[in-house]
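Protein chains in written order, with the working numbering: chain A, 13 to 274; chain B, -1 to 240.
Please note that the accuracy of each hint is not assured.
When the alpha-carbon atoms are kept at most 25 angstroms apart in a straight line, the in silico SDA-like pairs for lysine to any residue are as follows [unchecked claim]:
1) Lys174(B) - Val18(A)
2) Lys104(A) - Ala103(B)
3) Lys13(B) - Glu29(B)
4) Lys119(B) - Gly108(A)
5) Lys100(B) - Glu106(A)
6) Lys232(B) - Val18(A)
7) Lys104(A) - Pro34(B)
8) Lys174(B) - Gly108(A)
9) Lys174(B) - Lys271(A)
10) Lys104(A) - Lys6(B)
11) Lys232(B) - Met213(B)
12) Lys104(A) - Lys63(B)
13) Lys104(A) - Pro116(B)
14) Lys104(A) - Arg114(B)
15) Lys119(B) - Glu106(A)
16) Lys119(B) - Pro107(A)
17) Lys119(B) - Lys221(B)
18) Lys119(B) - Val18(A)
19) Lys104(A) - Ser118(B)
20) Lys174(B) - Glu180(A)
21) Lys271(A) - Lys119(B)
22) Lys119(B) - Leu46(B)
23) Lys232(B) - Met200(B)
24) Lys13(B) - Met200(B)
25) Lys174(B) - Lys104(A)
26) Lys100(B) - Arg103(A)
27) Lys271(A) - Glu29(B)
28) Lys271(A) - Thr43(B)
29) Lys174(B) - Glu77(A)
30) Lys104(A) - Lys13(B)
31) Lys119(B) - Pro178(A)
32) Lys6(B) - Glu180(A)
33) Lys100(B) - Pro116(B)
Since the hints were made in silico from the structure, they are not lab data.
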Amino acid sequence: MMVELVPSLLRQEINRLSAEDQRLDGRGQFDGRNVQLEVDCLYNAEGSAKVVWGDTIVFAGVKFEIRTPWPDRPTQGSLMCGAELRPVAHRKYEPGPPSPESIELGRVVDRGIRESGCIDMEELCIVPGEKVWGVMIDIHVLSDGGNIFDAAGLAAIAALRTSIVPAERFDVGEDHTLKVNGTPIMASFKRAGGRFVYDPSEEEELGGDERIHITLGDEGHLHSLQKGLKGVFTPSEFAEILEVAETKCTELRKMVAEKERN
Amino acid sequence: MGGYGDVKLLRDDGKRLDGRAIDEMRAVTIEAGVLPAADGSAMVTHGLNVAVAAVYGPMEAHPRKIQRQDRAVIDVRYNMAPFSTGDRIRPGFNRRSREISKVTAEALESVVLVERYPRSKIRVEIEILAAEAGTRCAGITAASVALADAGIPMRDMIVGVASGKIEDTVVLDLDKAEDNYGQADLPVGILPNTGEIAFLQMDGDLSIDEYNLAMEYNFKAAKEIHEVMADALKRRYERGDA
């Protein structure tokens, strides 16, 4: 990734506004930007979603393949979620092998989905010891306008929940919807101007400090946590943003459910 | 090309499997300025193909050895998303995408006024989100609109179009089945105002007469697509949030 020159003026301005409980784009501390979700939008992907989150645009696509199960888990399929921060998404991204940032993004989203248990690996078994489904979610960031984590998490679970298992193409039965028992959702916070804000913009990411990503399941349980970048926080700060995350995740979960019904 | 004449691609009424006439193009829609982070961008849907292009720059060319003292270099990356095809493709460059990137860059260098920006670089990123035959053409069309959206001066646009041959018949704009089981494919990049050609590839088997007919179809289609491109850019500037 190209080295970003953090303009100290931007940092100063964020600090000044923060002292007056304001943000650069006029939002309140825990206000999110406008989110649009579209599902089943790409031919060839067995499940797909497009998320437009402020100036951030993320696509996710689900593909299935048949593979041999691991010897120690003969009745279990597999799930993998990967992310690509390709140079299309921002001038700061450069071509080359996957960067630590894109690997972190893919793995944090992967953990949230995997650990929520929404995919029963046993359900992905076709013939024990011989054939199981491998489910692959690929996250494709097209425009990084800040907070790609939440957009990627939303796109991934929405694509997964609307997937059709392509059994006919592989000659192993009839096509059927993928069984997904839950909707894990991520909420991300960034320290900007000394305090945590929800859904950081590109400028806040540039002129802020550490970030915290929280993935919550349907029951409000934690399934994935990640602290990134330099900085420290207190338990009471975490308690405050966790409460905000609960509200945000519930709202977004409703949005996914609405798209599924249509 | 895949097989030769072993799959029926023309119906008894002379139409193609998807109901198109032999000189009929798939539907094309274009939107300019779709990616907020980019300096210029466009999304093209051509049939079921979805191509997105982003332009960054002109910017400093680095490393310095790629700089040209008298002009800008155009750095194109054509990439297919892992979920864009029937079987998932592993992320990263392969021989096919490298070749397409190279010839696309050379085509764009033929129309962009690169001499205006010595020692700089213009990045063009083409991402294929859904592929159903004809992605390189959709990518060239998207790149042209994205360059215009970025305000980079060009002699002309380039329109990506293709014709080919199925069951010994020349047809415009091959779809997936026609591409897999047809006999020839002729993708070109046409400059709609000057009538010149900036991009040319072909594989399969065409007689000279068949080539001429395929080119005639390509020029006809380029005119239609150019209108859609121009319309997308007009709508972009009417919107005015550039």
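Going down the list of hints, with the structure as the test:
1. Lys174(B) - Val18(A): Since the Cα atoms of Lys174(B) and Val18(A) sit roughly 47 angstroms apart, the hinted pair is violated (cutoff 25 angstroms).
2. Lys104(A) - Ala103(B): Holds: Lys104(A) and Ala103(B) sit about 21 angstroms apart, inside 25 angstroms.
3. Lys13(B) - Glu29(B): violated (30 angstroms)
4. Lys119(B) - Gly108(A): Status holds; Cα separation ~17 angstroms.
5. Lys100(B) - Glu106(A): holds (17 angstroms)
6. Lys232(B) - Val18(A): Roughly 36 angstroms between the alpha carbons, so the hint for Lys232(B) and Val18(A) is violated.
7. Lys104(A) - Pro34(B): holds (14 angstroms)
8. Lys174(B) - Gly108(A): This hinted pair is violated, its Cα atoms lying about 30 angstroms apart.
9. Lys174(B) - Lys271(A): Measuring from Cα to Cα gives roughly 30 angstroms; hence the hint is violated.
10. Lys104(A) - Lys6(B): violated (49 angstroms)
11. Lys232(B) - Met213(B): violated (28 angstroms)
12. Lys104(A) - Lys63(B): Roughly 20 angstroms between the alpha carbons, so the hint for Lys104(A) and Lys63(B) holds.
13. Lys104(A) - Pro116(B): Holds, at about 22 angstroms.
14. Lys104(A) - Arg114(B): holds (24 angstroms)
15. Lys119(B) - Glu106(A): With a Cα-Cα distance of about 13 angstroms, the restraint between Lys119(B) and Glu106(A) holds, given a limit of 25 angstroms.
16. Lys119(B) - Pro107(A): holds (14 angstroms)
17. Lys119(B) - Lys221(B): violated (30 angstroms)
18. Lys119(B) - Val18(A): holds (23 angstroms)
19. Lys104(A) - Ser118(B): It holds: about 16 angstroms lies between the C-alpha atoms, which stays within 25 angstroms.
20. Lys174(B) - Glu180(A): holds (19 angstroms)
21. Lys271(A) - Lys119(B): violated (42 angstroms)
22. Lys119(B) - Leu46(B): Measuring from Cα to Cα gives roughly 32 angstroms; hence the hint is violated.
23. Lys232(B) - Met200(B): violated (33 angstroms)
24. Lys13(B) - Met200(B): holds (24 angstroms)
25. Lys174(B) - Lys104(A): Not OK: Lys174(B) and Lys104(A) at ~35 angstroms, beyond 25 angstroms, violated.
26. Lys100(B) - Arg103(A): holds (20 angstroms)
27. Lys271(A) - Glu29(B): Holds - the C-alpha atoms of Glu29(B) and Lys271(A) are around 24 angstroms apart, at most 25 angstroms.
28. Lys271(A) - Thr43(B): Measuring from Cα to Cα gives roughly 23 angstroms; hence the hint holds.
29. Lys174(B) - Glu77(A): It holds: about 21 angstroms lies between the C-alpha atoms, which stays within 25 angstroms.
30. Lys104(A) - Lys13(B): Violated, because 49 angstroms separates the two Cα atoms, which is more than 25 angstroms.
31. Lys119(B) - Pro178(A): violated (43 angstroms)
32. Lys6(B) - Glu180(A): Roughly 22 angstroms between the alpha carbons, so the hint for Lys6(B) and Glu180(A) holds.
33. Lys100(B) - Pro116(B): Answer holds: Lys100(B) to Pro116(B) is near 20 angstroms, not above 25 angstroms.
In terms of the numbered hints stated before, the structure departs from hints 1, 3, 6, 8, 9, 10, 11, 17, 21, 22, 23, 25, 30 and 31, listed from lowest to highest.
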